[in-house]
Every structure is written in C-alpha cells, then in structure tokens.
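Enquirer: Make the full structure from the sequences, and use the hints.
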Amino acid sequence: MLRPTIAVAFALALGACSSGGGITPPASVDAEGTWAGHFPAGSGGQDVSLTLVLTETDGVVTGTGTLVTSTGSHPLTVTGTYDAPRLALGITTPGFDPVSVVAIVGEQSMTGTIGGGGFNNESFTLDRQ
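At position 62 of the sequence shown (counting the first as 1) the number is 53 in my numbering, and the numbers step up by one without a gap.
FYI, nobody ran anything at the bench for these hints, they're computed from the structure.
For clarity, every value in this text was computed on a predicted model and none was experimentally measured.
Using N, Cα and C, we set each Cβ at its ideal position, and we do this for glycine too.
Among the hints, erroneous ones may be present.
[Claimed, not checked] Each pair of labels, with its calculated beta carbon distance range: (1) 14 x 66: 20 to 26 Å; (2) 87 x 14: 17 to 23 Å; (3) 86 x 14: 19 to 25 Å; (4) 14 x 63: 21 to 27 Å; (5) 86 x 50: 27 to 33 Å; (6) 13 x 113: 38 to 44 Å; (7) 106 x 85: 17 to 23 Å; (8) 118 x 14: 16 to 22 Å; (9) 106 x 76: 47 to 53 Å; (10) 35 x 77: 29 to 35 Å; (11) 116 x 61: 16 to 22 Å; (12) 36 x 13: 44 to 50 Å; (13) 40 x 88: 16 to 22 Å.
Expert: As structure tokens, this is what we get:
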C-alpha cells in the first residue's frame, strides 16, 4: 500500500515542478546605457562626478565617460566584463593611473567601489540616465 502512495506523491510533485508554477528568476538587467552620479572621494571628501556610457556584447564591456574632479574634466576609456549583475571595469584617462570599478548593476542604478588613480575604494552609486 505504501508504494502506490509514494508513486502518486512523486507524480504530483513532478507535475507541479514542470507546470511553471515555481520560482521565477529575476529579469536580466542590461548594463548598457548611460550611468551618472556624484560621490565624495579622497581624504578631503571632494565631490566627484562620474558619467559612463557603456556597451556590452557577450559579457565584454566597452565605453567612454567623463570624470569631473577639482582638477577638471577628464575623458575616460572603459573596458571590462559583465556577468549579470556583476560589473568589473578598467578605466583609463591620459596622464593618470588606471582606475578599477566593481559594481552590482540594478534596473535603475549601480552601486560599487572605485579604486586606483587616487581613489581608495570609495563607494559610489550611479543612476541610469
């Protein structure tokens, strides 16, 4: 009597799993687009403005951007990888040391840290524009 009960329970459980009534994974978030924000950086907490314009193909990220600090506005070249929701970028600008960014990308904002080139792993948030 126990075997038919187990078989029926297994069949019901299997049917429930294949009916699509389970957990729905979150929608994939696209890292492409324009992202911008302000954050304090350095020992003096100067206000820094960062804008990134990103494109992504098969996990490879490229782009441009602008970093505005007390020393002026600096053009950026961006390369990196995106494995949703994790973004890792290398940023270069002529005459300055390279900068690295790691972030988690959400639908309307990304949060992360920026290090190198005078940044000491400061936290930032950039909003989708």
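Enquirer: Is it true that residue 116 and residue 61 lie within 16 to 22 Å of each other by Cβ?
Expert: Since residue 116 and residue 61 have Cβ atoms about 21 Å apart, the given range 16 to 22 Å holds.
Enquirer: Using the beta carbons of residue 14 and residue 66, state whether their distance is inside 20 to 26 Å or not.
Expert: violated (44 Å)
Enquirer: Is it true that the C-beta distance of residue 87 to residue 14 lies inside 17 to 23 Å, as the hint says?
Expert: The hint (17 to 23 Å, Cβ to Cβ) is violated, given that residue 87 and residue 14 are roughly 45 Å apart.
Enquirer: Does the Cβ-Cβ separation between residue 13 and residue 113 fall within 38 to 44 Å?
Expert: Between residue 13 and residue 113, where Cβ atoms are some 40 Å apart, the hint holds.
Enquirer: Range first: 21 to 27 Å. Now tell me if the beta carbons of residue 14 and residue 63 are that far apart.
Expert: Roughly 49 Å apart at Cβ, these two residues miss the hinted range, so it is violated.
Enquirer: Do residue 40 and residue 88 keep their Cβ atoms within the hinted range of 16 to 22 Å?
Expert: holds (19 Å)
Enquirer: With respect to the beta-carbon atoms only, verify the hint that residue 86 and residue 14 lie 19 to 25 Å apart.
Expert: Given about 50 Å between the Cβ atoms, the range is violated.
Enquirer: Taking 17 to 23 Å as the stated bounds, is the beta-carbon spacing between residue 106 and residue 85 within them?
Expert: This hint holds: roughly 19 Å between Cβ atoms.
Enquirer: CB of residue 118 to CB of residue 14, is that within 16 to 22 Å?
Expert: Since the Cβ atoms of residue 118 and residue 14 sit about 29 Å apart, the hinted range of 16 to 22 Å is violated.
Enquirer: Against the range 29 to 35 Å, how does the distance between the Cβ atoms of residue 35 and residue 77 compare: consistent or not?
Expert: holds (31 Å)
Enquirer: How does the Cβ-Cβ distance of residue 86 and residue 50 compare with 27 to 33 Å: does it lie in that range?
Expert: Distance hint for residue 86, residue 50 holds at roughly 30 Å.
Enquirer: State, for the Cβ atoms of residue 106 and residue 76, whether the hinted interval 47 to 53 Å holds or is violated.
Expert: For residue 76 against residue 106, whose Cβ atoms are near 20 Å apart, the range 47 to 53 Å is violated.
Checked against the numbered hints above, the structure violates hints 1, 2, 3, 4, 8, 9; every other hint is satisfied.
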